Amino acid sequence: MQYVGELILIAVGAAVVNNFLLHYFVGVCPFLGVSRRVDMAFGMGCAVTFVITVAGALSWMFTYYILQEGAPLATWIYQKCSGDPTATSNLSILNYLIYIFVIASSVQLVEMYVRKFFPVLYKSFGVFLPLITTNCAILFACLMILKYVDGTTGWGIGQALTLSFFAGIGFTIAIVLMAGIREELTLCDVPKPLKGAGITLLIAGILAMAFMAFTGVDKQLGKLLTPPKPTAAEQAPTGESQDATKSIAYTTKPST
Amino acid sequence: MANDGPTPLERFVNGVIPENPVYRQLLGMCPVLAVTGSMKAAMTMAAAVAFVLICANVIVSLIRNLLQPHLRILVFTLTIATFVTIADRLLKAYMYDMSKELGPYIPLIIVNCLIIARCEVCASKQRVFTALSDAVGQSVGFALGLASMATVRELLSSGSWFGVELFWKTGTAGEQYRWGLMALAPGAFFTLGILLGAAVWIGSMCNKNKTTLEA
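These protein sequences, in sequence, are chains B and H. The first sequence begins at 1003 in the numbering used here and counts up by one. The second sequence begins at -10 in the numbering used here and counts up by one.
Here chain B stands alone, though its shape is the one from the complex:
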């Protein structure tokens, strides 16, 4: 039950409270570019959700098994090769390179899969799929997963999948809302210098203000879902996880 509660918290947090677009500003380029019509915006949102989920799961696997300090697979290979049974590997310097590879290849994978099995769907999002490689939102999701995999929180695949899927849902909500507003906007008399990107950003600001109303929802929800747990003590060490505590944290990590 506690696990499900954690997943719900992550989902609500990623989708509305800390909406990727309106709170973290990632993925602003497609937000300005393809938010002119609702159907295109929805297609873009679906494509992003698809890719972000695949990339999130893959990047969790790579981080957990290969990249982080003392990761099982890399350590095993390293020990076999060096002949030293106490050696541990640390490939975290390769993080960003690997993530970019993972994102680029999952975009390719999704493109091939969709073209083969859902040709109609492929026609509707064909244009957007290659563009997604350079969408900041995907890399941002990977980086968030990286932040929570090592350290004391010890996210499993379930948390990583939930975060990435609902981040995609949040992106879709924001971009479809925006497209709906912009469709109405064609009838309005916008001051000439603000036409195009200017007015879109102003509307995004108002949307961001509206989404600020969700602040605190996740905390209340957390209180409801986990009544007896002392949350303050649990949450204190989560943020700072990059430093020296890493190797200690690895041994205490719950297996998933």
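No lab work stands behind these hints, which were simulated from the structure alone. Since we're looking at a predicted model, the values are computed, not measured. Positions of the beta carbon are idealized from the N, C-alpha and C atoms, including for glycine. Any given hint might turn out to be false.
As the list claims (entries may be wrong) - Cβ-to-Cβ under 8 Å is the rule here; a few derived chain B residues that face chain H:
id, residue
1, L1024
2, H1025
3, W1078
4, I1079
5, C1083
6, P1087
7, L1187
8, C1190
9, G1200
10, L1204
11, A1206
Position chain H relative to chain B; hints supplied.
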């Protein structure tokens, strides 16, 4: 890049105002919105972007004859990712607090459209010196864009500039004039929207035949 062969100097000047990455090309919006809450963070970000952009442009320009057309985007991205890793490690080593504050936005330079666009448009076709001057020009333009955003936001939200308190001291009655919203997400969108409008308006005032941003 309207005409065929602008000289290196022209490319430098172009990057600063006429083709400013933030206000004209609308590239790399994510750091522009995210890290401009304070001048210090914005300038660190601008320095990191400048480092990555200049190094990546030079390297891409050096290997431009070896590039295969279908693999070039991947090569650009990997080059950029390498330099971003270097910048990230340097920041973590020497400016730890700042790297905490910037957080994931430093790695996000990898997918900053500005750098990929400069590699694609300029560095993969020009000689090293041209690519270098182009990169420097674009970096200066980007830094200007970030600085303008950060100035407005920091002055309005905390009354200070570069951490120096100008309008009021912390803890005095003047603090009631803080516009807290400017430090948050909506403030970033509003500031950029209004500054963008102002930039287009000034541009069209100065030069009627200059291409304004298309709707």
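Proposed interface contact between C1083(B) and chain H, which counts if any beta carbon pair is under 8 Å: Check failed: Cβ of C1083(B) comes no nearer than 24 Å to chain H, outside 8 Å.
Hint status (Cβ of I1079(B) to nearest Cβ of chain H, threshold 8 Å): Result: violated, 22 Å to nearest chain H Cβ.
A1206(B) as an interface hint toward chain H, with CB separation required under 8 Å: holds (5 Å)
Interface hint outcome for P1087(B) [beta carbon to chain H under 8 Å]: violated (29 Å)
Agreement of hint L1024(B) with chain H interface, Cβ distance less than 8 Å: With a closest approach of 6 Å, the L1024(B) hint holds.
G1200(B) as an interface hint toward chain H, with CB separation required under 8 Å: Status holds, d = 4 Å.
Given hint H1025(B) near chain H, where the shortest CB pair must fall under 8 Å: holds (5 Å)
Residue hint L1187(B), partner chain H, criterion CB-CB below 8 Å: The hint is violated - L1187(B) has no Cβ within 8 Å of chain H, the shortest such distance being about 11 Å.
Chain H contact restraint on W1078(B) - CB to CB distance below 8 Å: For W1078(B), the interface hint is violated, since the closest Cβ of chain H sits about 25 Å away, which is over 8 Å.
L1204(B) as chain H interface residue, shortest Cβ-Cβ below 8 Å: OK, holds: L1204(B) within 8 Å of chain H, min 4 Å.
Status of the C1190(B) interface restraint (C-beta, 8 Å, chain H): With a minimum Cβ separation of about 12 Å from chain H (threshold 8 Å), the hint on C1190(B) is violated.
Hints 3, 4, 5, 6, 7 and 8 from the earlier list are contradicted by this structure; the remaining hints agree with it.
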